[in-house]
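Here the protein sequences line up with chains A and B, keeping their order. Numbering follows our numbering, in which position 222 of the first sequence is assigned residue number 222; successive positions increment by one, without gaps. Numbering follows our numbering, in which position 229 of the second sequence is assigned residue number 229; successive positions increment by one, without gaps.
Watch out, some of these pointers could steer you wrong.
To be verified - Taking lysine to any residue and the SDA-like style, the derived pairs with C-alpha atoms no more than 25 Å apart in a straight line are:
no. : chain 1 : residue 1 : chain 2 : residue 2
1   : A       : K113      : B       : V69
2   : A       : K16       : B       : V216
3   : A       : K209      : A       : T313
4   : A       : K16       : B       : K209
5   : A       : K88       : B       : W103
6   : B       : K209      : B       : V69
7   : B       : K16       : B       : W103
8   : B       : K5        : A       : F338
9   : A       : K113      : B       : K16
As the list claims (entries may be wrong) - Partner residues aside, some chain B positions facing chain A, computed with beta carbon under 7 Å:
no. : residue
10  : R220
11  : A237
12  : L241
13  : L243
14  : D250
15  : D298
16  : E302
17  : L393
For the record, the hints were derived by calculation from the structure and aren't laboratory data. In this text, a Cβ means the ideal position worked out from N, Cα and C, and glycines have one as well.
Protein chains: 2
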Amino acid sequence: MSDLKGEILRLGQQAKKAALELGKLSAADKNRILLAMADQIEAEGAEILAANARDIGAAEAKGLSAAMVDRLLLNPKRFAAMVGGVRKVAGLPDPVGEILDDWTRPNGLRIVKKRVPIGTIGIIYESRPNVTSDAAVLCFKSGNATILRGGSEAFHSNQAIAAAMARGGRAAGMPEHAIQMVPFTDRESVRHLAEMDAYLDLIIPRGGKGLIETVVSLARMPVIKHYDGICHLFVDASADLALATEICLDAKCAKPSACNALETLLVHEAVAADFLPKVAAALTAWGVELRGDARTRDLLPEAKEATEEDWVTEYLDLILAVKVVPGLDAAIDHINTFGSRHSDGIVTGAEANANRFLAEVDSATVYVNASTRFTDGEEFGFGAEIGISTDKLHARGPMGLVELTSYKYLLYGNGQVRG
Amino acid sequence: MSDLKGEILRLGQQAKKAALELGKLSAADKNRILLAMADQIEAEGAEILAANARDIGAAEAKGLSAAMVDRLLLNPKRFAAMVGGVRKVAGLPDPVGEILDDWTRPNGLRIVKKRVPIGTIGIIYESRPNVTSDAAVLCFKSGNATILRGGSEAFHSNQAIAAAMARGGRAAGMPEHAIQMVPFTDRESVRHLAEMDAYLDLIIPRGGKGLIETVVSLARMPVIKHYDGICHLFVDASADLALATEICLDAKCAKPSACNALETLLVHEAVAADFLPKVAAALTAWGVELRGDARTRDLLPEAKEATEEDWVTEYLDLILAVKVVPGLDAAIDHINTFGSRHSDGIVTGAEANANRFLAEVDSATVYVNASTRFTDGEEFGFGAEIGISTDKLHARGPMGLVELTSYKYLLYGNGQVRG
Numbered sequence: 001m002s003d004l005k006g007e008i009l010r011l012g013q014q015a016k017k018a019a020l021e022l023g024k025l026s027a028a029d030k031n032r033i034l035l036a037m038a039d040q041i042e043a044e045g046a047e048i049l050a051a052n053a054r055d056i057g058a059a060e061a062k063g064l065s066a067a068m069v070d071r072l073l074l075n076p077k078r079f080a081a082m083v084g085g086v087r088k089v090a091g092l093p094d095p096v097g098e099i100l101d102d103w104t105r106p107n108g109l110r111i112v113k114k115r116v117p118i119g120t121i122g123i124i125y126e127s128r129p130n131v132t133s134d135a136a137v138l139c140f141k142s143g144n145a146t147i148l149r150g151g152s153e154a155f156h157s158n159q160a161i162a163a164a165m166a167r168g169g170r171a172a173g174m175p176e177h178a179i180q181m182v183p184f185t186d187r188e189s190v191r192h193l194a195e196m197d198a199y200l201d202l203i204i205p206r207g208g209k210g211l212i213e214t215v216v217s218l219a220r221m222p223v224i225k226h227y228d229g230i231c232h233l234f235v236d237a238s239a240d241l242a243l244a245t246e247i248c249l250d251a252k253c254a255k256p257s258a259c260n261a262l263e264t265l266l267v268h269e270a271v272a273a274d275f276l277p278k279v280a281a282a283l284t285a286w287g288v289e290l291r292g293d294a295r296t297r298d299l300l301p302e303a304k305e306a307t308e309e310d311w312v313t314e315y316l317d318l319i320l321a322v323k324v325v326p327g328l329d330a331a332i333d334h335i336n337t338f339g340s341r342h343s344d345g346i347v348t349g350a351e352a353n354a355n356r357f358l359a360e361v362d363s364a365t366v367y368v369n370a371s372t373r374f375t376d377g378e379e380f381g382f383g384a385e386i387g388i389s390t391d392k393l394h395a396r397g398p399m400g401l402v403e404l405t406s407y408k409y410l411l412y413g414n415g416q417v418r419g
Numbered sequence: 001m002s003d004l005k006g007e008i009l010r011l012g013q014q015a016k017k018a019a020l021e022l023g024k025l026s027a028a029d030k031n032r033i034l035l036a037m038a039d040q041i042e043a044e045g046a047e048i049l050a051a052n053a054r055d056i057g058a059a060e061a062k063g064l065s066a067a068m069v070d071r072l073l074l075n076p077k078r079f080a081a082m083v084g085g086v087r088k089v090a091g092l093p094d095p096v097g098e099i100l101d102d103w104t105r106p107n108g109l110r111i112v113k114k115r116v117p118i119g120t121i122g123i124i125y126e127s128r129p130n131v132t133s134d135a136a137v138l139c140f141k142s143g144n145a146t147i148l149r150g151g152s153e154a155f156h157s158n159q160a161i162a163a164a165m166a167r168g169g170r171a172a173g174m175p176e177h178a179i180q181m182v183p184f185t186d187r188e189s190v191r192h193l194a195e196m197d198a199y200l201d202l203i204i205p206r207g208g209k210g211l212i213e214t215v216v217s218l219a220r221m222p223v224i225k226h227y228d229g230i231c232h233l234f235v236d237a238s239a240d241l242a243l244a245t246e247i248c249l250d251a252k253c254a255k256p257s258a259c260n261a262l263e264t265l266l267v268h269e270a271v272a273a274d275f276l277p278k279v280a281a282a283l284t285a286w287g288v289e290l291r292g293d294a295r296t297r298d299l300l301p302e303a304k305e306a307t308e309e310d311w312v313t314e315y316l317d318l319i320l321a322v323k324v325v326p327g328l329d330a331a332i333d334h335i336n337t338f339g340s341r342h343s344d345g346i347v348t349g350a351e352a353n354a355n356r357f358l359a360e361v362d363s364a365t366v367y368v369n370a371s372t373r374f375t376d377g378e379e380f381g382f383g384a385e386i387g388i389s390t391d392k393l394h395a396r397g398p399m400g401l402v403e404l405t406s407y408k409y410l411l412y413g414n415g416q417v418r419g
């Protein structure tokens, strides 16, 4: 066995042991530990920012793009947000221990379904160092032991943040090894984590499609995936067109890099001649490039030609694919064929169409007369989120603390046998 | 692309399309279709039993063991139970459409969390032909499209049962391709199914550890695993020893081949000298072979010596591993170290010990003063089950219709934008 694999197995065994201890903590225990972690991160701010400066220096020396370097950067504002995030999680309700169901069978056996932590969670992420504390504290609050494996570019930042969390947490009574950081950043460490199903109950990859694909192809345990958001808006024949324009602008332009941002606009042919020139003018004023099908380009000659590729592309940029469709059925069919089951909306004045859209579009979050940008743990009122699941198993859509839990059945008998 | 891969991709595409149609069916539609399937299976009984006779003949010619041949056999009683199973599922409540949550955000956006089918489910199974209808009708009732891939030994039986279901269902309005049978039984077909994450939302392997391991190592989509049940009973110092004996006999002897049968007995040292000779006499009368640790063998010299291997073995036979432990902590630690997180129980008169056992044993179902044999969908009152999940994600313990569903969020706005 390689040293690397042995080391990762050791982390896994320690995490499993820590998980059993974490299950015994009360909400008050966990909140006290979280506040101590926040204080310690704050106290070690100078060291953490110095470690970050080392990563930034290395990234610049390696010639990483300005956008990549910016993702790595911890400036005082981001650092304060990171500390604030930890304190905020301390204030959220603890989902663990909730009684989900409770019934008694005819033979007198009482069955109680109780919410419990999942156990051990691996978080594999890329360049943003704030994921270290964001992910770890959500897993900790929901009673899970965490193994973090960050990207090589943020190595020193991640180590410094994790060390501060561990010091602050341990001093306040955190079980040993509740939050561990893998001290390696090579690809092989991902493989060893993904194959360690004896000790990891779940892996959550946080990053680009390439990382998620790698984890999915290697993992032997469940993986919750946060894939692309190829989000659609369908403007129906009965839509309030001013409202449709406002929603379209918000969904496309307010934060084009978000996974819940609009990528494809579908317009009912009955309103296309009226709506498209108006919305195009507004979008163009925001600097949006339009790529349309033939019928769109008849009405908007300035639009580029959309290819098949455009219907399946998450631009994450000021680009919008536009298609004129004959009606609701075609819109639903387009979304179920080319979409990514993330967030899709209809603007309509017809309740029957709204209901059909909600029922038949197979996506995590489906909207009537609102921007797709509300697919977000904060906007849902979850207080925080670990991501937006594009899976249909276990958790779908925004994942908060509740989605980081499992359940167990407690059976109370007085001598029942099945015979 | 090989013909095999192409054919399986085609099944996947058809299943995805069928799933969208299945989502539109009412409970009444589905129940009518299920009853028509049951009638058709019954009407084609002679053909199905003839197909089964062909499989049995081939199995005997190949020299399969008597137990293997028996697993394949559809006799009139088993055939009637299969048909009855389909009718029973028609009578169960439909979980789809349930409103799981409903709240309105301060901005007026209403969020409704609604139960929906998972979508498309692959069932990969081994020799028992009744799994064909059992699994397919549970998936159908919960609104999912199913692709079945049975074992080679039951090929003709499976094809005949699936064809009857399809004919009966289609005549009653079942969407085309709602239930499909893979017409291949070679290993490569498992690989192609497991890699087809574009079209399959979930795979459930039904069979031995080897099959599950293969699916887990290949699958790119979620897999719900039904691994071993290494079930424990801990007899505490305060246990009613007559009750403990009765529970132990039921859990070990009533059906030793069940996954919820007892495999390891842990006895508190304070009652070992009193309890062990009594329970051993009762177990031996049932033909149970005992394998004990040193302290057990001091009290039961006739017991064989237990090795480390015994603590992690699912015997599925009239064999029981026995260990004397110093107390509750050691019992919990043994179970969390060597168990399989399936079903574990305590017999005790001390409520505090019961509560600690329930809280600290990390298993799907944890019992106080009852036999572990109640870990079963029927016994839980679910009406039917597709298996017992040993996973902690999505579904844990007995899986009924509800566990074959997902959810989606419906967002009702009146022009909300995030800005």
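Of the hints given before, which are not true for this structure?
1, 7, 9, 11, 12, 15 and 16
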